Every structure is written in structure tokens, then in C-alpha cells.
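Chain B: place on chain A using the hints.
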Amino acid sequence: MTTPHPAPAAAGTKQPTPSDATFLTISAIRKEFDGFVAVDDVDLTIRRGEIFALLGGSGCGKSTLLRMLAGFEKPTAGKILLDGVDIVSIPPFKRQLNMMFQSYALFPHLNVFENIAFGLRREGRPKAEIDSRVAEMLALVQMQKFAKRKPHQLSGGQQQRVALARSLAKGPKILLLDEPMGALDKKLRSQMQLELVNIIERMDVTCVMVTHDQEEAMTMANRIAVMEAGRIRQIGPPDEIYEQPNCRFTASFIGSVNMIEGRITEDEKDFVVIQSPQLPHGIYLGHGISGFEGQEVGFALRPEKMEISKAEPEGQYNKAQGIVEDIAYFGSHSVYHVRLPSGLKLMANHLNARRWASEAFTWNDTVWLSWGENSGVVLTS
Amino acid sequence: MNAWTQRLQKLLPGGRWLVIVPPYVWMLLFFAAPFAIVLKISFAKSQIAIPPYTDLLQITDNLLQIVLNLDNYLYLVRDSLYFKTYVSSLKIAAISTLLCLLLGYPMAYAIARADASVRNVLIMLVVLPSWTSFLIRVYAWIGILKNNGLLNNFLMWLGVIDQPLHILHTDVAVYIGIVYTYLPFMVLPLYANLVKHDQRLIEAAFDLGAKPWQAFLKITVPLSKAGIIAGSMLVMIPVVGEFVIPELLGAPDTLMIGRVLWQEFFSNRDWPVASAVAIVMLILLIVPITMFHHYQAKEMEGRLT
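Chains as they are written, first to last, in numbering that gives the first Met the number 0: chain A, 0 to 380; chain B, 0 to 304.
It is worth saying that the hints were derived from the structure and are not from the lab.
In this text the structure is predicted, and so the values were computed from the model without any measurement.
We put the CB at the ideal spot given by N, CA and C, even for glycine.
Certain hints may be false.
[Unchecked claim] What follows is a list of derived Cβ distance ranges for each label pair: (1) B/Val220 / A/Lys186: 36 to 42 Å; (2) A/Gln152 / B/Val86: 39 to 45 Å; (3) B/Met155 / A/Arg29: 56 to 62 Å; (4) A/Ser251 / B/Val126: 51 to 57 Å; (5) B/Ala31 / A/Glu135: 56 to 62 Å.
[Said to hold, decoys possible] Listed below are the simulated PhoX-like cross-link pairs for lysine-lysine, each with C-alpha atoms no more than 25 Å apart in a straight line: (6) B/Lys217 / A/Lys147; (7) A/Lys73 / B/Lys210; (8) B/Lys217 / A/Lys93; (9) B/Lys210 / A/Lys172; (10) B/Lys195 / B/Lys210; (11) B/Lys90 / B/Lys224.
[Said to hold, decoys possible] In silico negatives: residues of chain B with every beta carbon more than 12 Å from chain A: (12) Pro251; (13) Leu281; (14) Ala296.
Extracted from the complex, chain A is given alone in its bound form (with noise of 0.2 Å):
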């Protein structure tokens, strides 16, 4: 990414220059309301053209993060270093940032065309021109036939085309998504989403989004930054934050998880054993961990990484017997809660590959969970 020389600064091309790692650049960002601390000492970086998406349950201080970078709340402390100049008391109307609203804010008693020509009339650009933009961002979106119509007058997913429209109408450096899909139904939200990535990435601009909803994240951003509590605790590629979460948190928060409280009993250069009193087989992970002996340490297992079968399976380590509590059934798969005897439940993705295979467990069977050894991950934190 960084290159070793800075690139003679030429415009309109797209060499990669030593500001594009760097793009946007957060620094001990914090926000107090009344005492109050929403967000805690925050520190991002965001690269020219990725899409990040800051995820979090509601109250993590996700919203008020993107609002300091929009503008409309000012940080207790902190810099926002856009494109090598911080923009901390540039006013909102000013900065080259633009924002899709939750539930859109469209103008009620402007239309389609009003609404995305609104930022550009404010920069007083000729008519022909604003006439030009608009239909560009109208055929973008698919909103060619709708130019005339009110925002009361339109469907959700067809208002968010226009909140889209009216956002980067104006060539935005970097694009603030505040919950995207918030007010679709799940079937547009999924179709939504992936619509919404090529136009982001058609019109090659830097994004930012806010979201809860971790499926929405994964399927959208390149990097992704869970937070709690005012706090990053960890930032990553989707499948780094789901496959190897660097905390408790993240780990339940992002998916489901078996998480399996224990101790390191064996602590070998390439193995690890971990015991716990919930489970009356031990843990054996077949690498070796930054950890060591009689250390406590959490154990999180993906429910679609176990295996669920009737017979008892080999080895020593890595299974537990129980009985089959809860199946939850979701077409393409089930998602078999069992209870062990030490009272520890855990949940088993079970592919329903053949139409009735369901039943082969049921409730009250006896069954034998087990995974590989290399199929969880060692939580200290």
C-alpha cells in the first residue's frame, strides 16, 4: 500500500499515493455528554476506497462516532485527519463528507429530483450542470421514471435509492452510511445490500457505515470495527473478526458461540490442552498459544464447526455427550441445542443436505458432540 517515495501528486489518476493507507485517520477521538463518555479515546484508520463499517449494539457509540465525522456533534477531544487535514472545526456545511441517513431525511415537500439537486444548487453550480449530475445519479440508482415524484410517494427500498443518489450526488471524498438497511424488510435488505456495494463501488468513494447488525457488516465492508462501550475492541477483514476473535465480546457478539470456560493444563510448544469442569473431555487444540500453565481462559467454538452424531467418536479429547434440548430449525440448516450433564449447553449446526434428514435427531436422543483441533479459538480477554 505505502509506497517508499511519495508519488508526484498528480490528479485525476489513481496511483496510490502514501496518503491512501491513511485516507481518513482518527486520533484519540473522545466524546463526553454530561460526563458521560460515548466514545472512549478512539483511534482509526481508514484507507481510500474500502468500505468500514463500525459495528456495535446500540449505545457502543457507533452513531456518535460517524456524527463527529459528519459534523453535527464536536469531539471533547481528538483529531479527524481527512485526507492530511483535520477537520474537526470545519462546520458540517463545509466538509467534503456526505451522509445517507437513517430512514433517509429526505426533504418531504421537495422532489426526487429537488432532493438530490439540493446539494449542488448550494454550491451555486450552473443549471445545465446540476440537470446533468441529477440524471447521472438518477440512472445510477434506477430512479429514471420517479424524477417528479415525492418521497411520500415512494416505496422504502426505492427512497433509499434516492438518499443514495442525493448523498454522493455531489462526489462526496468519503460517504457516511448510518444504519443502511435500517428500515428495509430482511428479503430487500439482503438484495439491498449487494446493490448498494457495486455503486459504492462504482463510484469508487471511501464509505464509512454504521450498523448493528453483523450480517449486514460482513456482507458489506472490507474492514470491519466492532465497538463496545465506547471502545474499538478489534478491527479486521469480516472473516478475521468471525474466524479468529481477539475477545469475548467479539466472539459472541459477531455470530453464535459455544463459549467454554476452562484452564490450560498442558501448554506444549505445538499442542495445548485445556480442562474444564463442564466438560468431562478435555479440549486439545493442535497449536501452540501465547498463553500459559493454570492460565484462565475462555473457549469459543462456532456452532457449524460440530459434528453430531449417535455413536461416541474416537480420540480422547474434543467431544461431550448430552441430550438434545432444542432444535431450532432454519430449512438449510438446524441448529441442535444439546445439555450436557455438567448443565453446559451447546448449540450444533447440523446442514439439512438431505430433504428429511431432520430426522435423524430428536429431542431427548442422546447424542455425541465433537470437533477438530483446530476449530476454536483460546480467548484470554
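For chain B alone, coordinates are given in the frame of chain A:
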């Protein structure tokens, strides 16, 4: 339940009728009927009798005739006093409405943007003066505005002026009185409109590069159009017919329809001309009243969607 009882039930007045009928009866008795009487009198001739006007129905030689006397209306056209009075009334009403809007909009905006906990107190303070009699409040302005009144004494004590300002019994006093009295009628509908505004729309305008005053003019003002019209109509319509304020605070030559009406009715005892004056005023006001209803209906519609 069988079909017969159902049919019978349809014929019987339901609970709905009990709710709808009383207000209509009220309107019929106390609005439509008096209006019809005034309309009737406006087509009669004045005479010295009790009642002081002729009947429209006359029986001469077994012939029932309806005699419509258009003289009263023609008189209003011929005598320029009436035309001037209507123009003057409309002018005073229009200027007062504008003044109320200029004063009331910032007030309503500030209250709507105030903290939710103080909003109700502020609205209370706007409404509070109307708990005292309207007449007493207008009389109080005489005490404030007269030559040796509170205002002049205060200004002279400050040394700003050395001669008392002549305010009472001028048009200025009329405007002060009207704006003071009708300001709440402007503030309340504006507030009701502004308080519902979605703050995110303003943020969206900022985000798209609108400076605060641009966001105000392009978003807030157009969205509060229904409130502006409602408030303006609530002020304008009663002010056109206002009698007490110009009578108590105005100059003898402050021309307003209310006063002319009073003079025709009580001084000249010319009921037909007084009725014609009233009817023409009503016709003049129908335009803004219909506009008001149109926008009120629109506003209600907007609330439902």
C-alpha cells in the same frame, strides 16, 4: 341476529348521529339563522318603525311580491367612505398579520427548539395573558400609552425624550393593541407545526452544504407553510372586523369596518345598510377563510400519512 333486525338497526339513528347532530343544530340556530336574517335585512328598506326596516314579502292586490332592495349595496359603492373603510381595514389587518408573523415566528421557533421540559412553561407564558379579560387588557394599554402614561413617564425619566410622545389615539396604538392581542393566535399554530419538524432534515441540509440560514429558508420555512397560513388566517380574519381595539386605542379617523358597522347600527339606526356592510365584509373574508380550511385539511392529511 337475523336480517330483519339488522335492517331495522340501519334505519334507527345510531350513536354516530347523537355526536354529529348537536353541533349542526347549534350551527344552524346560531350561525345560519342569524346570517339569513342579516342577509334578509340587507335587502330591505330603512324606515322609522319597529323593527326599523321593511319586510321583503309584500301582499298588494292579492299578489305576493318579494321586493329586493339593492339600494343598500349600491350605496356602499357610491359612497367612497365604505370602500376606503374596507381597504383601510384590510390594510390594518394585513400589516398587523405581518407584524405578528415577524414577532411570532422567532418566538415559536425558539419555543419549539427549547428543551422539552421548559417548552410547556414557555407556551403557558404565551397563553397566560388571555386568562385576563380582553377588554381589561386593552384598557391597560391606554394607561401605558397615554401622554402621562407609564411609557412616556419612563422615557422622560430616562431622559430619552423631553416631550411626551403622542401614541394613544393614533394608528400606531391600534397596531400595538392588535399585535399584542393576537400574537398568541400566531404563535400557537406555528409552534404546533415547528415542534414536529424532524431535526435530521436540517442536519441533512447542513450535510449537503447548506449554511444555517439556507437550511432555514429552504427547509424550515417551506415545511412550516401550513403553520404560517393557519396563524396568519387566525390573526387576519378577526382583525378585519375588529371593533374594540380601534375604538379604544385608535384615532377618531382610524377607519375600520367594525366601527362603521357600529355607527350605522347604533348611531344612524340604519339596519339595512349596516347589514349590507356586514355581508360585504363576510364575502371579503370568505377567500382567506377557504384558503385557511384548504391548508388545514392539507395539514391534517400530512399528519395522517
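We went through each hint and held it up to the structure:
{"no.": "1", "hint": "B/Val220 / A/Lys186: 36 to 42 Å", "in the structure": "holds, 40 Å"}
{"no.": "2", "hint": "A/Gln152 / B/Val86: 39 to 45 Å", "in the structure": "holds, 43 Å"}
{"no.": "3", "hint": "B/Met155 / A/Arg29: 56 to 62 Å", "in the structure": "holds, 58 Å"}
{"no.": "4", "hint": "A/Ser251 / B/Val126: 51 to 57 Å", "in the structure": "holds, 54 Å"}
{"no.": "5", "hint": "B/Ala31 / A/Glu135: 56 to 62 Å", "in the structure": "holds, 60 Å"}
{"no.": "6", "hint": "B/Lys217 / A/Lys147", "in the structure": "holds, 18 Å"}
{"no.": "7", "hint": "A/Lys73 / B/Lys210", "in the structure": "holds, 17 Å"}
{"no.": "8", "hint": "B/Lys217 / A/Lys93", "in the structure": "holds, 17 Å"}
{"no.": "9", "hint": "B/Lys210 / A/Lys172", "in the structure": "holds, 19 Å"}
{"no.": "10", "hint": "B/Lys195 / B/Lys210", "in the structure": "holds, 22 Å"}
{"no.": "11", "hint": "B/Lys90 / B/Lys224", "in the structure": "holds, 22 Å"}
{"no.": "12", "hint": "Pro251", "in the structure": "holds, 47 Å"}
{"no.": "13", "hint": "Leu281", "in the structure": "holds, 33 Å"}
{"no.": "14", "hint": "Ala296", "in the structure": "holds, 16 Å"}
Comparing the model with each earlier hint shows no violations; every hint is respected.
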